[in-house]
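Asks: Assemble the whole structure, with the sequences as input and the hints as a guide.
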Amino acid sequence: DLIWVPRFAKWSEPLDNYFSPEEESQLLKYAINSCYFQGRLVAHPFFIDIGLMYYRKDILRKLPDYPALKKTLKRSITWEDFIRLGRRLKRLNHPFYVFQADNYEGLICSFYETLLGQGRPLFRNGELQLQTPEARRGLQLLTDLVNRYQLAPRVVTQFKENPSFHYALAKDAIFVRGWPGAFINNTFPDSEAKKIPDMEMAAVPHFKGQKPVAVYGGWDLMISKESTQKKEAAQFLKFVVRKDMQELLYEKGGYIPINRAVYQDSGFLKKHPQLIYLRHLLDMGVYRPSLVEYTRISDIISYYTHLAIQGELPVSEALRRAAEAIHSKRVLVH
Numbered sequence: 633d634l635i636w637v638p639r640f641a642k643w644s645e646p647l648d649n650y651f652s653p654e655e656e657s658q659l660l661k662y663a664i665n666s667c668y669f670q671g672r673l674v675a676h677p678f679f680i681d682i683g684l685m686y687y688r689k690d691i692l693r694k695l696p697d698y699p700a701l702k703k704t705l706k707r708s709i710t711w712e713d714f715i716r717l718g719r720r721l722k723r724l725n726h727p728f729y730v731f732q733a734d735n736y737e738g739l740i741c742s743f744y745e746t747l748l749g750q751g752r753p754l755f756r757n758g759e760l761q762l763q764t765p766e767a768r769r770g771l772q773l774l775t776d777l778v779n780r781y782q783l784a785p786r787v788v789t790q791f792k793e794n795p796s797f798h799y800a801l802a803k804d805a806i807f808v809r810g811w812p813g814a815f816i817n818n819t820f821p822d823s824e825a826k827k828i829p830d831m832e833m834a835a836v837p838h839f840k841g842q843k844p845v846a847v848y849g850g851w852d853l854m855i856s857k858e859s860t861q862k863k864e865a866a867q868f869l870k871f872v873v874r875k876d877m878q879e880l881l882y883e884k885g886g887y888i889p890i891n892r893a894v895y896q897d898s899g900f901l902k903k904h905p906q907l908i909y910l911r912h913l914l915d916m917g918v919y920r921p922s923l924v925e926y927t928r929i930s931d932i933i934s935y936y937t938h939l940a941i942q943g944e945l946p947v948s949e950a951l952r953r954a955a956e957a958i959h960s961k962r963v964l965v966h
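Under this note's numbering, the letters of the sequence shown match residues 633 to 966, in that order.
Bear in mind the hints are in silico, worked out from the structure with no lab data behind them.
Computed from a predicted structure; not experimentally measured.
Ideal Cβ placement from N, Cα and C applies to all residues, glycine included.
Fair warning: there could be bad hints in the mix.
Taking CB as the label site, the calculated pair distances span [what the hints assert, rightly or not]:
#, residue 1, residue 2, range
1, 859, 952, 41 to 47 angstroms
2, 877, 689, 29 to 35 angstroms
3, 859, 948, 46 to 52 angstroms
4, 896, 842, 31 to 37 angstroms
5, 655, 858, 38 to 44 angstroms
6, 640, 795, 27 to 33 angstroms
7, 893, 710, 33 to 39 angstroms
Replies: See below:
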């Protein structure tokens, strides 16, 4: 995962001498940026991901204002309008919004999107920014979607990605947060699979007056310092980012290509028009913090945000305890 590059950098072979600036320039900047640590190229991108939302177009299409709503969803609907839409559609008796709120990294992605969309990074000048109005507002939103507005079923607190996708299909949820390969890289029973063609991509919502953002995901590849086959390993890294290989990864797994040449191939884009929209979403992307201790910090934040969404802790107290645990250098063992 691209968030682990700083953590594994000390065991990684520096790659500056294996890849020319020209070769790097052939890759999307969003992907290659995550491969640097302390000014050195220590990894090479494999593919990139971007957080997004899916909606059931067969359900929303029945609304008289669907054409306008579709345009809004594609651009990114505000959370305020999203909540109003949810209240309006309660009469349909479908789960309105499914997201991943278990105690793990997927919850962190949703939390960071609410935080970074307000222009507040988690760290500023090395200082943790967790007990801030922006952090409270972001976590309060996720908590309210479940407990106050009841637009997300309580069971989301038990969901990682795959169970959430199965639930969304089985229960005819109107919206579900996910990633581009959500319905490609999983196996679904026929009763669920037949609904997948009606799952339409949309941007993650944003707060009114703020900019839409979505968290980057994806994988980076590294070469061990201890490897006795470094030259051959570097050749493999070059192989997997070739245009034809990136196209294959997209067609078979829904992995967003990082080779610029793919987006210059009008024939491929005509065959896969969704890729044009995904390329647009990448422009809205934001990174999670690039930290050696990221996993420890993320584990702590997900633990306490999860408790808040379950209703076991008030939002302010959850953030206070998370900040205290991070500052104490504590490690959570679940």
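Asks: Does the Cβ-Cβ separation between residue 655 and residue 858 fall within 38 to 44 angstroms?
Replies: violated, 25 angstroms
Asks: Given the hint of 46 to 52 angstroms, is the C-beta distance from residue 859 to residue 948 inside that range or not?
Replies: Since the Cβ atoms of residue 859 and residue 948 sit about 48 angstroms apart, the hinted range of 46 to 52 angstroms holds.
Asks: Given the hint of 27 to 33 angstroms, is the C-beta distance from residue 640 to residue 795 inside that range or not?
Replies: holds, 29 angstroms
Asks: Using the beta carbons of residue 896 and residue 842, state whether their distance is inside 31 to 37 angstroms or not.
Replies: For residue 842 against residue 896, whose Cβ atoms are near 33 angstroms apart, the range 31 to 37 angstroms holds.
Asks: Indicate whether the distance between the beta carbons of residue 877 and residue 689 respects the range 29 to 35 angstroms.
Replies: holds, 32 angstroms
Asks: Confirm or reject the claim that residue 859 and residue 952 have a C-beta distance inside 41 to 47 angstroms.
Replies: 45 angstroms Cβ-Cβ, so the 41 to 47 angstroms window holds.
Asks: Look at the Cβ atoms of residue 893 and residue 710 and judge whether their distance stays inside 33 to 39 angstroms.
Replies: This hint holds: roughly 36 angstroms between Cβ atoms.
Going down the numbered hints, you'll see the structure goes against just number 5.
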